[in-house]
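Each residue of the sequence shown is one higher than the one before, starting from 1022 at the first, in this note's numbering.
Please keep in mind that the hints were generated in silico from the structure rather than gathered at the bench. Heads up, the beta-carbon is just placed ideally off N, CA and C, and yes, glycines get one too. Careful: at least some of the hints might be erroneous.
Across the chosen pairs, the derived CB separations fall in these ranges [as the list claims (entries may be wrong)]:
1) K1097 <-> G1070: 19 to 29 Å
2) E1066 <-> G1108: 40 to 50 Å
3) P1072 <-> K1097: 38 to 48 Å
4) E1066 <-> K1104: 48 to 58 Å
5) R1098 <-> T1119: 44 to 54 Å
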Amino acid sequence: MYAIIKNGGKQYKVQEGDVLSLDKLSLDPEATIEIKEVLAVNAGELKMGAPYVDGAVVTAEVISEGRDKKVTIFKKRRRKDSKVKRGFRRDHTRVRITKIAA
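Model the full assembly from the supplied sequences, consistent with the hints where possible.
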């Protein structure tokens, strides 16, 4: 059984027991969250939402919060002596999917 959920403008395919990194949610560790933005659920038969599946909920447990590795953005325009180097570290919340109810 799997579900496709939406969080932070991105879509994730999840199963029970999966660990994934979502955008920062500002929650304490071991807190539980319910994600109601479920786009599709497959439990032997695929249910598609328009845009969300009615009554479908994905329950997750917060593991930790932190920051990802630094991503470096480097832009260069050739022959113009123009270059920009930037970087950022994304804040994230790691969660474990505990239950998918459709």
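Violations among the numbered hints, reported as their numbers in ascending order: 1
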